[in-house]
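Engineer: Residue numbers (our numbering), protein chains in the order written: chain L, 1 to 192; chain X, 1 to 644.
Read the hints as simulated data drawn from the structure, not as lab findings.
Careful: at least some of the hints might be erroneous.
[What the hints assert, rightly or not] Derived SDA-like pairs: lysine to any residue, alpha-carbon spacing no greater than 25 Å straight-line:
#1 L/Lys-177 to X/Lys-601
#2 X/Lys-601 to L/Pro-109
#3 X/Lys-526 to L/Pro-105
#4 L/Lys-176 to X/Pro-606
#5 L/Lys-108 to X/Lys-2
#6 L/Lys-108 to X/Asp-598
#7 L/Lys-108 to X/Lys-526
#8 X/Lys-2 to X/Asn-561
#9 L/Lys-98 to X/Arg-362
#10 L/Lys-172 to L/Glu-137
#11 L/Lys-177 to X/Asn-561
#12 X/Lys-312 to X/Glu-228
#13 X/Lys-587 to L/Val-107
#14 X/Lys-587 to L/Val-99
#15 X/Lys-601 to L/Lys-176
#16 L/Lys-177 to X/Lys-285
#17 L/Lys-108 to X/Ala-581
[To be verified] A partial selection of chain L residues facing chain X, derived with a Cβ cut-off under 10 Å:
#18 Lys-108
#19 Arg-117
#20 Ala-122
#21 Ile-182
Fair warning: this is a prediction, and the values are worked out from it, not measured in the lab.
Even glycine gets a Cβ: it sits at the ideal position worked out from N, Cα and C.
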Amino acid sequence: MGRVLNLVLAGVGGQGIVSLANVIANAALHRGTNVVVAETHGLSQRGGSVIVHVRLGDAEAPLIPVGEGDIMIALDPLEAARYAHYLKQGALAYVEQKVTPPPLPGVKPPSTEEVVRSLEEAGLRVRVVPAIRRAQELGNPLGANVYMLGAAMASGVFDGYLGPEDVEAAIKLVLKKPEKNIRLFRAALAEG
Amino acid sequence: MKEVLAPPGSRVIMLGNVAIARGALEYGVAFASAYPGTPSTEITEALSYASRLLGAPYVEWSSNEKVALEGAIGAALAGVPAMASMKHVGVNVAADPLFSVGYMGVPASLVIVSADDPGMWSSQNEQDNRIYGIHAYIPVVEPAGAQEAKRAVIEAFKLSEKWGHPVILRSTTRIGHTRVPVETGEINLEGIKRKGKFEKNTERYTLVPAHARKLREELVEKWERIREDLASHPLNWVEGPEDAKLLVVGAGLGYRYAKEALARLGLEDKARLLKIGTPVPLPRKLIVEEASRADKIFVVEEGDPVVESQIKEALYDEKIIVDIHGKEKGPIRRTGELTLDNVTAGLARVAGVPYEAPQPPRPRISLPPRPPVLCAGCPYRAVFYALRRAVGKARVRPIYNGDIGCYSLGVNPPFQMQDTIVEMGGSIGLANGMSHTVEGQIPIAIIGDSTFFHAGLPGLANAVYNRAPMLVVVLDNRTTAMTGHQPHPGIGVTARGEPGYSIDIVDAARGLGVEYVKVIDAFNIKEGEEEFYKALEYVKKEGKPALVVARGACILLAIANARRMGVKYTVYTVDLDKCTACGLCYKAFNCPAIYPGDDGKARIDPLLCTGCGECAQICPFDAFHPVEEPPEEWLRIMRTAKPM
Chain L
1 MGRVLNLVLA GVGGQGIVSL ANVIANAALH RGTNVVVAET HGLSQRGGSV
51 IVHVRLGDAE APLIPVGEGD IMIALDPLEA ARYAHYLKQG ALAYVEQKVT
101 PPPLPGVKPP STEEVVRSLE EAGLRVRVVP AIRRAQELGN PLGANVYMLG
151 AAMASGVFDG YLGPEDVEAA IKLVLKKPEK NIRLFRAALA EG
Chain X
1 MKEVLAPPGS RVIMLGNVAI ARGALEYGVA FASAYPGTPS TEITEALSYA
51 SRLLGAPYVE WSSNEKVALE GAIGAALAGV PAMASMKHVG VNVAADPLFS
101 VGYMGVPASL VIVSADDPGM WSSQNEQDNR IYGIHAYIPV VEPAGAQEAK
151 RAVIEAFKLS EKWGHPVILR STTRIGHTRV PVETGEINLE GIKRKGKFEK
201 NTERYTLVPA HARKLREELV EKWERIREDL ASHPLNWVEG PEDAKLLVVG
251 AGLGYRYAKE ALARLGLEDK ARLLKIGTPV PLPRKLIVEE ASRADKIFVV
301 EEGDPVVESQ IKEALYDEKI IVDIHGKEKG PIRRTGELTL DNVTAGLARV
351 AGVPYEAPQP PRPRISLPPR PPVLCAGCPY RAVFYALRRA VGKARVRPIY
401 NGDIGCYSLG VNPPFQMQDT IVEMGGSIGL ANGMSHTVEG QIPIAIIGDS
451 TFFHAGLPGL ANAVYNRAPM LVVVLDNRTT AMTGHQPHPG IGVTARGEPG
501 YSIDIVDAAR GLGVEYVKVI DAFNIKEGEE EFYKALEYVK KEGKPALVVA
551 RGACILLAIA NARRMGVKYT VYTVDLDKCT ACGLCYKAFN CPAIYPGDDG
601 KARIDPLLCT GCGECAQICP FDAFHPVEEP PEEWLRIMRT AKPM
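Assemble the whole structure, with the sequences as input and the hints as a guide.
Structural biologist: In structure tokens:
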């Protein structure tokens, strides 16, 4: 068996996690990299916690084994912590800065700082990215997903599997308003 | 969905469900019916997309799964290849025709797609529908992952054609909702446009006892011939060294997990891997041949030990004694879905090789749960709120009989207004029994519009007939919302985007004899409270069913409609001078777009606010206002939007 890059995408239903996975899958195809993406649909999607398993390279099975994820992209700090056990010790987690509070009456969620500390203490390397804010500032409030991918890609974690040109081709193919999203993606690459 | 029509010879990313649709088009399916249900819905959405552009095949959203399967049987009897798709529990609804269609056989191919949901991601149970195949004498084809979904559906059609017999294609969540690269072939344009002719064959197609007895003899005999034939089916094969003492059997998606687990443990050269694509009836010849050389068998399959138990039967008959491991006695647990972790650990144990599971990071932090919730602007939130107030005012002790749909989410705080949820239509059904047996309580059946047409009608007829005192609340949000906004018989649009007849729920209820029928604006909380109160008083006084239709579009659908029509909605904002931080809006009403600031006063997230205006109605201090006057057009769309 050859190499596999296991990528955990986490967030809240409605944040565009499934769309992001579709971009990555199409980018992989553009590059000629094999890919398997297991998604969350239906009931769980309505504002609930969402995890998508993305496996690049020589993967057969759809789900990432616990403790074997290489990278995480999380559009919410709480969801990063919820699925952290899918990652390897020492894996890199790109975590959105803003907590989206679960809409349950009387629930006070932990802060981003508290979550990040717990992730680091558990053995992960964490990069906090203000993707929601930057996407808003750059005029594409729904583009935090794409911004986050750009920020992660900037550090080279996808080298050998995917490149920026593959992502841009995929954005053109599967997202609405591709120009806007490509601008955002490039900004994230530059800022990441 | 556009990828379903990708040109032949391309390699495109497809959801497993879309790949199933593509396979059906390549084979030449001419009739496709379905009732939406996760994880099956995208199959028919993709076919509906294709049909709108190609003019064929005929595709419909049927009113329920039984009707969908009957339609497909009818089409197959008329001589055209047909397919009915549904989620696993939908097959229960369709079970009546399913159990008899094997007796008749079919002159054109008929495939029933059952999308099972191990792990219960979107379902009330975890049933393994391969067992239906055994029970109803219908062969089951099971793809080895999304990677094989397209090929498997084509093989299922071919198998059905070859034997003149229905075939079940069993998918699972991790097949239908997994995205992989898929190679496309030619779409059979002639096939999908095919028209047929029904040829009379009374002894075969009318299952009166005299005919059915003969057909049953034939069926049992045919079943064994099919089993033998499946030994050489192209979806079954063997890999690895012939002399290996360990035989791993991977059925369906289990094959992918088994294959990767073997590689992870470095056992590819030490184990034989039998890949099963036709789990029912299990081709005995294949397993007996392989098992006779092995001294240990490890079976990997998604769901119940269906292949495992058939292997045991076959080997017992052949007097082959060999250790068999799987789900009956472990090492893999029977509940939940397969994972690479549990398959790898199980394989290591069976093979007697060391395997140390990694120590994953476990952050020490207490996380609040994040269950799915009613969306910001959902009309159901306003209805639950109004209904609760009416119940308090009428001083009744309610039993909230819930049903399957977005309103199931009313089970969570703050509403907790779903006391029972069993299956489609179960709200009215259970209320029927309770209404005749409880004292001092009133059953309130809460059912969605699509669910009402699906299985609510017989229960309602029963309630009227037997004079069951209950309040039926039909939540009419103008679509099958939970599964992604499919139309239904109340909408007036078909799956192909053509005009259909729109059945008014009010007419349907009156037609069934409900004497007390009212329609309310779901977004109007005051009206809702008053009308629910009156209806409850009627039930108490008259001892008969009352029905209230709460009408208001799914807000996501309304927003999509508005966007297409170039209409903008107006978000709301909080007047912090008026807000007293009472928390009613973010606690008792619990709109996800409203959150408390550090001072406890309400704030609105403008990105989440959908401009429904419900908060302005519930606030006792008049603190919520639209940032500008909402356009009339938006207020109309909120109440009338429907799928296009």
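Engineer: Work down the list of hints and note, for each, if the structure agrees.
Structural biologist: Evaluation of the provided hints:
1. L/Lys-177 to X/Lys-601: violated, 37 Å
2. X/Lys-601 to L/Pro-109: holds, 17 Å
3. X/Lys-526 to L/Pro-105: holds, 23 Å
4. L/Lys-176 to X/Pro-606: holds, 22 Å
5. L/Lys-108 to X/Lys-2: violated, 43 Å
6. L/Lys-108 to X/Asp-598: Distance ~11 Å between L/Lys-108 and X/Asp-598 Cα, so the pair holds.
7. L/Lys-108 to X/Lys-526: Answer violated: L/Lys-108 to X/Lys-526 is near 31 Å, above 25 Å.
8. X/Lys-2 to X/Asn-561: holds, 20 Å
9. L/Lys-98 to X/Arg-362: holds, 21 Å
10. L/Lys-172 to L/Glu-137: The given pair, whose Cα atoms are some 22 Å apart, holds under the 25 Å limit.
11. L/Lys-177 to X/Asn-561: holds, 18 Å
12. X/Lys-312 to X/Glu-228: Roughly 17 Å between the alpha carbons, so the hint for X/Lys-312 and X/Glu-228 holds.
13. X/Lys-587 to L/Val-107: holds, 10 Å
14. X/Lys-587 to L/Val-99: Holds - the C-alpha atoms of L/Val-99 and X/Lys-587 are around 19 Å apart, at most 25 Å.
15. X/Lys-601 to L/Lys-176: With a Cα-Cα distance of about 37 Å, the restraint between X/Lys-601 and L/Lys-176 is violated, given a limit of 25 Å.
16. L/Lys-177 to X/Lys-285: violated, 56 Å
17. L/Lys-108 to X/Ala-581: OK: L/Lys-108 and X/Ala-581 at ~16 Å, within 25 Å.
18. Lys-108: Holds, because the Cβ-Cβ distance from L/Lys-108 to chain X comes to roughly 8 Å (cut-off 10 Å).
19. Arg-117: Check passed: Cβ of L/Arg-117 comes within 8 Å of chain X, closer than 10 Å.
20. Ala-122: holds, 4 Å
21. Ile-182: violated, 19 Å
Figure legend: structure checked against the earlier numbered hints; hints not met, in rising order: 1, 5, 7, 15, 16, 21.
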